[in-house]
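Peer 1: Sequence:
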Amino acid sequence: MISRVLIVTASALTLAACSGGSSDKSETKTETTTTTTTATPAETATPAATASAPAAGAPAPTDTATLDGVQFASLTGDVAAGEKVFVQCKTCHVTDEGQNRIGPSLHKIVGRQAGTVPGYSYSAANKNSGITWTQEKLFQYLEKPQRVVPGTKMAFAGIPDAQKRADLIAWLATK
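For the sequence shown, position 52 (counting from the first letter as 1) is numbered 52 according to the numbering used here, and the numbering increases by one without interruption.
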């Protein structure tokens, strides 16, 4: 780690010393403050090393922890129920191969690298996320997309119900 020392010198602070109505006397004080900070790994890394690093505050590409604490493995997804959950996704997405809408096609989303559907213009945040869409990562992402990929173009608040997320993923895994 790199330590940096920052020295801040305050501007001269001039105080008028008023004694007996005279204003021609002044006193100058200069304050110096020393602060030591430690650089974060992101600050010391080379640009190539940070190209696929998650955005500040985003979970790492392999981190699948959810806000609600539910793990994908603890649930069994229902494919038929997942098709019903997908109705809210249809505004922007389809599961047909090669068809992009407002959002990219979700055909074979499970196992795919983020930001790789041909013909779709992804946000830099999505393209550079380093994410592979495993079922567990989709489960986390669908809970609150902006948390997992800050800066994503997907303007969707998420699906707070863990069972509905598991159902949707079970259905998407068949497409």
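Calculated directly from the structure, the hints in this document are not laboratory data.
Mixed in with the good hints, there may be bad ones.
Unchecked claim - BS3-like cross-link-like pairs, simulated, lysine-lysine; straight-line CA separation at most 25 Å:
no., residue 1, residue 2
1, K108, K144
2, K84, K127
3, K164, K175
4, K175, K144
5, K108, K153
6, K90, K108
7, K90, K144
8, K164, K90
As the list claims (entries may be wrong) - Derived Cβ-Cβ restraints for the label pairs, each shown as a range:
no., residue 1, residue 2, range
9, G130, A155, 31 to 39 Å
10, L67, Q99, 25 to 33 Å
11, F156, A65, 30 to 38 Å
12, A173, Q88, 14 to 22 Å
This one's a predicted model, so the numbers in the text were calculated from it and none came from an experiment.
Glycine residues also receive a C-beta, built at the ideal position from the N, C-alpha and C atoms.
Peer 1: It remains to establish, for every hint, whether it holds in the given structure.
Peer 2: A quick look at each hint next to the structure:
Distance hint between K108 and K144 is fulfilled; the C-alpha atoms sit about 21 Å from each other, no more than 25 Å. Among the hinted pairs, K84 with K127 is inconsistent with the structure: their alpha-carbon atoms are about 29 Å apart, more than 25 Å. Restraint check for K164 and K175: satisfied, since their Cα atoms lie roughly 17 Å apart, inside the 25 Å limit. The hinted pair formed by K175 and K144 meets the criterion: a straight-line CA distance of about 22 Å does not exceed 25 Å.
Between K108 and K153 the CA atoms are separated by roughly 20 Å; this keeps the pair inside 25 Å, and the hint holds. The suggested pairing of K90 with K108 holds, with an alpha-carbon distance near 16 Å, which does not exceed 25 Å. As the CA atoms of K90 and K144 are separated by approximately 18 Å, the hinted pair is consistent with the 25 Å bound. Distance restraint check for K164 and K90: the Cα-Cα separation of roughly 15 Å lies within the 25 Å cut-off, and the hinted pair is therefore satisfied.
A beta carbon spacing of about 22 Å between G130 and A155 contradicts the range 31 to 39 Å that was offered as a hint. Distance hint check: the CB atoms of L67 and Q99 are about 32 Å apart, consistent with the given range 25 to 33 Å. Taken as a hint, the range 30 to 38 Å is violated for the pair F156 and A65, whose Cβ atoms sit roughly 20 Å apart. Range check, A173 to Q88: about 18 Å between beta-carbon atoms, so the 14 to 22 Å window is met.
Checked against the numbered hints above, the structure violates hints 2, 9, 11; every other hint is satisfied.
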